[in-house]
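Here are the chains, one letter per residue:
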Amino acid sequence: MALITPLREAVSSLIHDGDTVALEGFTHLIPHAAGHEIIRQGKKDLTLVRMTPDLIYDQLIGMGCARKLIFSWGGNPGVGSLHRFRDAVEQGWPHRLETVEHSHAGMANAYVAGASNLPFALLRGYTGSDLPKVNPWIRFVECPFTGEKLAAIPSVRPDVTVIHAQKADKRGNVLLWGILGVQKEAALAAKRAIVTVEEVVDELNAPANACVLPSWALAAVCPVPGGAYPSYAQDYSQRDNKFYKDWDPIARNRDSFLAWMKRHVLETEDFAGFMRVLGESVARETV
Amino acid sequence: MALITPLREAVSSLIHDGDTVALEGFTHLIPHAAGHEIIRQGKKDLTLVRMTPDLIYDQLIGMGCARKLIFSWGGNPGVGSLHRFRDAVEQGWPHRLETVEHSHAGMANAYVAGASNLPFALLRGYTGSDLPKVNPWIRFVECPFTGEKLAAIPSVRPDVTVIHAQKADKRGNVLLWGILGVQKEAALAAKRAIVTVEEVVDELNAPANACVLPSWALAAVCPVPGGAYPSYAQDYSQRDNKFYKDWDPIARNRDSFLAWMKRHVLETEDFAGFMRVLGESVARETV
Amino acid sequence: MSDVEFSATEIMTVAASRLLGNGTVCFVGIGLPSTAANLARLTHAPDVVLIYESGPIGAKPTVLPLSIGDGDLSLTADTVVSTPEIFRYWLQGGRIDVGFLGAAQIDRFANINTTVIGPYDAPKVRLPGAGGAPEIAAQAKEVFIVLKQNKKAFVEKLPFITSAGFLDGGDAREKAGIPGGGPTAVITDLGILTPDPVTRELTLTSIHPGVTVEQVKEATGWDLKIAADLKTTEIPDAAALTALRDLQARTAKAHGQNAGGEG
Amino acid sequence: MSDVEFSATEIMTVAASRLLGNGTVCFVGIGLPSTAANLARLTHAPDVVLIYESGPIGAKPTVLPLSIGDGDLSLTADTVVSTPEIFRYWLQGGRIDVGFLGAAQIDRFANINTTVIGPYDAPKVRLPGAGGAPEIAAQAKEVFIVLKQNKKAFVEKLPFITSAGFLDGGDAREKAGIPGGGPTAVITDLGILTPDPVTRELTLTSIHPGVTVEQVKEATGWDLKIAADLKTTEIPDAAALTALRDLQARTAKAHGQNAGGEG
Numbered sequence: 002m003a004l005i006t007p008l009r010e011a012v013s014s015l016i017h018d019g020d021t022v023a024l025e026g027f028t029h030l031i032p033h034a035a036g037h038e039i040i041r042q043g044k045k046d047l048t049l050v051r052m053t054p055d056l057i058y059d060q061l062i063g064m065g066c067a068r069k070l071i072f073s074w075g076g077n078p079g080v081g082s083l084h085r086f087r088d089a090v091e092q093g094w095p096h097r098l099e100t101v102e103h104s105h106a107g108m109a110n111a112y113v114a115g116a117s118n119l120p121f122a123l124l125r126g127y128t129g130s131d132l133p134k135v136n137p138w139i140r141f142v143e144c145p146f147t148g149e150k151l152a153a154i155p156s157v158r159p160d161v162t163v164i165h166a167q168k169a170d171k172r173g174n175v176l177l178w179g180i181l182g183v184q185k186e187a188a189l190a191a192k193r194a195i196v197t198v199e200e201v202v203d204e205l206n207a208p209a210n211a212c213v214l215p216s217w218a219l220a221a222v223c224p225v226p227g228g229a230y231p232s233y234a235q236d237y238s239q240r241d242n243k244f245y246k247d248w249d250p251i252a253r254n255r256d257s258f259l260a261w262m263k264r265h266v267l268e269t270e271d272f273a274g275f276m277r278v279l280g281e282s283v284a285r286e287t288v
Numbered sequence: 002m003a004l005i006t007p008l009r010e011a012v013s014s015l016i017h018d019g020d021t022v023a024l025e026g027f028t029h030l031i032p033h034a035a036g037h038e039i040i041r042q043g044k045k046d047l048t049l050v051r052m053t054p055d056l057i058y059d060q061l062i063g064m065g066c067a068r069k070l071i072f073s074w075g076g077n078p079g080v081g082s083l084h085r086f087r088d089a090v091e092q093g094w095p096h097r098l099e100t101v102e103h104s105h106a107g108m109a110n111a112y113v114a115g116a117s118n119l120p121f122a123l124l125r126g127y128t129g130s131d132l133p134k135v136n137p138w139i140r141f142v143e144c145p146f147t148g149e150k151l152a153a154i155p156s157v158r159p160d161v162t163v164i165h166a167q168k169a170d171k172r173g174n175v176l177l178w179g180i181l182g183v184q185k186e187a188a189l190a191a192k193r194a195i196v197t198v199e200e201v202v203d204e205l206n207a208p209a210n211a212c213v214l215p216s217w218a219l220a221a222v223c224p225v226p227g228g229a230y231p232s233y234a235q236d237y238s239q240r241d242n243k244f245y246k247d248w249d250p251i252a253r254n255r256d257s258f259l260a261w262m263k264r265h266v267l268e269t270e271d272f273a274g275f276m277r278v279l280g281e282s283v284a285r286e287t288v
Numbered sequence: 013m014s015d016v017e018f019s020a021t022e023i024m025t026v027a028a029s030r031l032l033g034n035g036t037v038c039f040v041g042i043g044l045p046s047t048a049a050n051l052a053r054l055t056h057a058p059d060v061v062l063i064y065e066s067g068p069i070g071a072k073p074t075v076l077p078l079s080i081g082d083g084d085l086s087l088t089a090d091t092v093v094s095t096p097e098i099f100r101y102w103l104q105g106g107r108i109d110v111g112f113l114g115a116a117q118i119d120r121f122a123n124i125n126t127t128v129i130g131p132y133d134a135p136k137v138r139l140p141g142a143g144g145a146p147e148i149a150a151q152a153k154e155v156f157i158v159l160k161q162n163k164k165a166f167v168e169k170l171p172f173i174t175s176a177g178f179l180d181g182g183d184a185r186e187k188a189g190i191p192g193g194g195p196t197a198v199i200t201d202l203g204i205l206t207p208d209p210v211t212r213e214l215t216l217t218s219i220h221p222g223v224t225v226e227q228v229k230e231a232t233g234w235d236l237k238i239a240a241d242l243k244t245t246e247i248p249d250a251a252a253l254t255a256l257r258d259l260q261a262r263t264a265k266a267h268g269q270n271a272g273g274e275g
Numbered sequence: 013m014s015d016v017e018f019s020a021t022e023i024m025t026v027a028a029s030r031l032l033g034n035g036t037v038c039f040v041g042i043g044l045p046s047t048a049a050n051l052a053r054l055t056h057a058p059d060v061v062l063i064y065e066s067g068p069i070g071a072k073p074t075v076l077p078l079s080i081g082d083g084d085l086s087l088t089a090d091t092v093v094s095t096p097e098i099f100r101y102w103l104q105g106g107r108i109d110v111g112f113l114g115a116a117q118i119d120r121f122a123n124i125n126t127t128v129i130g131p132y133d134a135p136k137v138r139l140p141g142a143g144g145a146p147e148i149a150a151q152a153k154e155v156f157i158v159l160k161q162n163k164k165a166f167v168e169k170l171p172f173i174t175s176a177g178f179l180d181g182g183d184a185r186e187k188a189g190i191p192g193g194g195p196t197a198v199i200t201d202l203g204i205l206t207p208d209p210v211t212r213e214l215t216l217t218s219i220h221p222g223v224t225v226e227q228v229k230e231a232t233g234w235d236l237k238i239a240a241d242l243k244t245t246e247i248p249d250a251a252a253l254t255a256l257r258d259l260q261a262r263t264a265k266a267h268g269q270n271a272g273g274e275g
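Residue numbers (the working numbering), protein chains in the order written: chain B, 2 to 288; chain V, 2 to 288; chain E, 13 to 275; chain X, 13 to 275.
Bound conformation, chain B alone (with noise of 0.2 Å):
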């Protein structure tokens, strides 16, 4: 039974140095809240994985919280590369970086055989790219019946699962729509799930078969009201694009990076703390 808890009880009781962790989001909802919540507390040597790491896991891989990645797509969406990705993985910095890398099909497949406590997932994928000679993970089956060659990869189960959604009841059974991403997959693949919420109701009024995760699949549901900045929420926010435009000088240099990192993330004290500081700064910068 998931008990609604602040974010950083959630963080720090359920997130443990050397975890498996997947903070998912497809440009939609994405937990940015809880990745800096993990980068305050300094979570240490954790297998990071996403389909699509973006700006939160650039920060994550640049605080040095990750020693591997596992993915699909690493970029800044609409802007370009994610620096302190590309730094972790051509010069090891801050140190090396270890990655696994798939194609969305597998990554969403992987977490589909996830949520079914399957060991592998079952795809046609992989057949004459590169992928399958630098990741020994991706192996093939033969079908019982026609013979046929299908990809197996191993099934994505994290020790935690940290998603964004709109809504949770009081009882914390969460509610979530719009681009769905592999959010409800990434959720039930994992042994404990932690749901940001932008806002806690009495009764989530879901239409019918909507994606709703019930209070007792998960481990923990934190209102954080705009905790996916800058992503968004449909029907809450708007994505900041231009905070993405903005990341890209930024992360560049090593010590641009540090020097945001330490003013915006470690030394406030959460994310609406985070949101005044980042507010200063975009008032001084445009003054």
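Incorrect hints may have been included.
[To be verified] Derived pair list, reagent style DSSO-like, types lysine-lysine, alpha-carbon separation capped at 30 Å: (1) K171(V) <-> K153(X); (2) K246(V) <-> K163(E); (3) K69(V) <-> K163(E); (4) K246(V) <-> K229(E).
Hints in this document: simulated from the structure, not taken from any laboratory.
Got chain B; can you put chains V, E and X on it based on the hints?
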């Protein structure tokens, strides 16, 4: 692109003798009208597929339309046996019926695999059951990572799937809600999908993430208000539980079954005709 | 109404419902299991989570469903997912605490038959078949089975094992690699049978008041073991009986009956 | 505005959009493919069905999405399904007519690299990676690729094949068991390249007006074959140019830019 088509034409042009046909529905949204039209048109030698063959399959089997049945639970829900199904299996009347028998988990996964264009479904299933002893289509594969043994069964890929839904728009996009069963997977697993609908509206106004089947993924959309009767369509009709009970004595006896089918199905023009004659029969009984 | 007057079916249903703890996530078969599970929800276990294979999660029906896909299940559920999702993410995903099943036949190791009486290829009686039972029996953390006890149902040897209990007994189930814990209670109209911790043979551990051990043995197709510390089943309390009868009266009014099936 | 003034990027975009027939089901990559696909929808192909890997089916965005998961895609779609469903039921299910991709690098057989420049284990440049491309390239009935032509992008040998075109050419793709038909057009800012029907080597079959064959050869890292019947690309008509510029103006107003990525 699905054309809005009369049911008679859709059945006539899209379902052929010898086809593998799935009329899916899980208590809710069972396409009875389409089943009657298949009987009226005297389709033969069909391989029928369904997780829960119920009255409409009893009728198809008793009228000699089916050569083979792939299923996982065959009964009259809430009442008892399907007498025509039993007569075919136990006595070979009106002719022998070949059966391929699965569990619900197996069938549900086989539809998913069909919709996903995979040759087989992978599941943890059937262990300790005698089903693999009598069904050669249940095999086992090894996980290439863990060595675990998992069940494998062939995908279900019907020539034609028929489902009933609440609404279509004028372009032929379909919306269904409530208990969805395997209908979406069954429709997407088929070469040709026919959907009977309660009504055709200007705009679907579907909630976010609702179960919508786009027109271009369907072969025909046929307006048949009440076409799930005696099953139901949530927010349109109630299940007629009495009909399910009344079916038991009709179907127990070959002659009473044939007489009923002649009067109510073979000698009626369409589903509206069936409902009219049924109404007369019920009125006569209750006089 | 005196609180000591109750039928054999009523004590069976109330005894089965009592086993279901509050907050338990229960995968419910239609018919007797559904009656017992909903009675639990309406009495001592308001937070029990009822999952039906047609898709409803957290169903709170006001009357007993006649079928596994009644509209009342959908309208009262926390959410309704597809049937494949129920079997893949929720059952196989390992999220079910209790699988609550009925059966046509059962053997001493709580294996279940719902497929055929007689040879498979030339059956004397063709039963409805497996439905969700094989994977519910295999994957729920534990399984309760509720059925009426007589020699046709409690047989020495099943003509067909549809769903595994403890197979040949002992550690046969574990050796076969079946993940869930297996049947922990068989609740009948005569008593409650539980598997011996070592041999896994079903043993009469509780007998309903007014029933004799001879009667139970007579209704069993094998030489039924009787627990040394055989208990007498607690009689249904007035509140549970009232709740059950109200539920059945509401159901009869809505449906005209309350039997059930998977279709 | 005169209708003969247009940039190289504009003729590339318009030429790419023209290839997309009305009613086509198109799996759209973000960036240039998304611009061309939406231009087609806003001009000659109002019934084109745009599918984005984040989940929207039948998206009709009013401005170009900056990312693959913009709210406008969700709000204007016929339905939004999960990302696993997009890849399983819709792409792998064989329902996609055209996969519309971009690329960082391409070779003569239309194989694509979006993974690394330099050795995989010690890359000179770490690119974003595969995203949806390997399976889009493999499973769509045909594939259009749009990218700017220069020697860094059009290379003799790819350091890494992320997504298969025709592999080593000839029937190598079919022999590898790749189901979809593969790339049928590579649209650049200089011309249009199409695979030779037999060797499957990319051949310049259309050149944009004002561009010389020498320029195109100079921008290609291998000895580019030129079609005997080389055509000149039709210039963008005024309506298409207006639609494109309006779309980009709306987009700039909404987003401030229109580049794109998969995140």
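Right, here's what the structure says about each hint:
no.	hint	in the structure
1	K171(V) <-> K153(X)	28 Å, holds
2	K246(V) <-> K163(E)	28 Å, holds
3	K69(V) <-> K163(E)	34 Å, violated
4	K246(V) <-> K229(E)	35 Å, violated
The earlier numbered hints that this structure contradicts are 3 and 4.
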